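Protein chains in written order, with this note's numbering: chain A, 1 to 82; chain B, 1001 to 1082; chain C, 2001 to 2162; chain D, 3001 to 3162.
No wet-lab data here; the hints were simulated from the structure. Bear in mind that the values here come from a model prediction, so they are computed numbers and not experimental data. Glycine is no exception: its CB is placed at the ideal position from the N, C-alpha and C atoms. Keep in mind that a hint or two might mislead.
[As the list claims (entries may be wrong)] Under the rule of at most 20 Å between Cα atoms (straight-line distance), these lysine to aspartate or glutamate pairs were calculated in the EDC-like manner: (1) B/K1017 to D/E3067; (2) C/K2044 to D/D3120; (3) C/K2162 to A/E59; (4) D/K3070 to D/E3016; (5) C/K2162 to A/E69; (6) C/K2025 to D/E3016; (7) D/K3025 to C/E2083.
[What the hints assert, rightly or not] Computed footprint of chain D on chain B; a stretch qualifies when at least three of its residues, placed anywhere within it, have a C-beta under 8 Å from a C-beta of chain D: (8) 1006-1012; (9) 1020-1031.
This is what each chain is made of:
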Amino acid sequence: MNKINILFFATMRTRAKRSSLELEIKSDTNVAELKEIITAKIPALEASLHHTLVSINREYAFDEDIIPENAEIALFPPVSGG
Amino acid sequence: MNKINILFFATMRTRAKRSSLELEIKSDTNVAELKEIITAKIPALEASLHHTLVSINREYAFDEDIIPENAEIALFPPVSGG
Amino acid sequence: MKPSPFPTIFSITEDEIDLNTLLDKITLTSTGAAAIFTGMVRGKTSRTGKAQGIKYAPHETTYLEYEAYKPMAEEKMLQVAKEIREKWGVVEGIAIVQRIGKLYPRTPTVLIACTASHRDTGVFEAARYGIDRLKEIVPVWKKEIMPDGEEWVEGEYIPTEK
Amino acid sequence: MKPSPFPTIFSITEDEIDLNTLLDKITLTSTGAAAIFTGMVRGKTSRTGKAQGIKYAPHETTYLEYEAYKPMAEEKMLQVAKEIREKWGVVEGIAIVQRIGKLYPRTPTVLIACTASHRDTGVFEAARYGIDRLKEIVPVWKKEIMPDGEEWVEGEYIPTEK
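Please take these sequences and the hints and turn them into a complete structure.
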């Protein structure tokens, strides 16, 4: 098993009503599978997950990417800084 | 007759060894004629007069322009600010 | 690899953006030109636009509330600086600052500045590229508080690589 | 003619150029973007160039001594601002400052800043145009003092109209 920390920002944080979540997932879980696991835990995120950006250890990540050990994951909408 | 004031800047000032000159000139004198009058008074300017810029009352002026009454004339090299 | 002799300043901060100090930090003895971009909070927006895929009409803004994923935002600022240096090798100093927190109209919220020896070296284009990339990849978001409600502003850009 | 509601700041000054204050003066409630250019004294010039039609080699500069035909310079700054507004009607505020006197390496000597509602309005191009025109028509000159002598720097541009 792999213990990871998930951070939520902006609309994701508002909808999840929390700013982080600790999870234990199976090794070799990829980003697409992780999204399903998160949705199961926090159904309020389901509608927005299709356009959520995901980062693994502060780098952008994509559906097929495998989650490494003790990863810092973040979920957030397209950025709007500036 | 027309009494005018001529200002010199940068290299023109250095070569003329003065920063201004008052002159009385005939009415209807143009810029090209004025340059000859100035050269006669200050021969040190002769070499540089061909690439000198001239202003009349703070606007760029050209050889055929007539000097108006009580004009403020300036002679200076191409600008190099910034 | 030899470290670059050229300064790269970057920060996510709640403090006022001080242009004088930032410019001084990226000015070298060989520097003759700086192109600086700053963005500010608009109190009145008259052009129509799009946020979250939805068109918005001209409107007023009371303030913006900025939030950042700070450690990732700092890494992405460094990436923007690296991309600038790869494209414009002549760029000497780079400063990138994003201010966060509650920010009112007329307040500078973001700055990017690039210096070079001369102005015709691409230094303007480098700053322009920098602000465009910043708004694509640096994880910062703003919530807009208007007289009649509030709304998260979301960007449009979907990254396709790290 | 209705006076423009948009501020135009211009000055020839011996004082330090304060970017923060100048930016504030040209930021309106509708402003969301500023493009700022500053030029500084280079202590080391490594590129070859041309002055008074003569090529110069890489060299060192001890300081520059700036001189202006002040009343005409101010009028020409206003002309540059007017030209910018004619070409980019979206530009809101414009600031143009030329510092004169004895100026040492790393010191900002000139600034041009343009503000607009958004960054994609031509505000970068407006600032770039502004500094190019400034260096063509505003009557300011500099004498370069080097370790082994001094020399007036002369431009290349010959005006063909008022």
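Against the structure, the hints:
no. : hint               : in the structure
1   : B/K1017 to D/E3067 : holds, 16 Å
2   : C/K2044 to D/D3120 : holds, 17 Å
3   : C/K2162 to A/E59   : holds, 5 Å
4   : D/K3070 to D/E3016 : holds, 17 Å
5   : C/K2162 to A/E69   : holds, 19 Å
6   : C/K2025 to D/E3016 : holds, 16 Å
7   : D/K3025 to C/E2083 : violated, 33 Å
8   : 1006-1012          : holds (count 4)
9   : 1020-1031          : violated (count 0)
Of the numbered hints listed earlier, those contradicted by the structure are 7 and 9.
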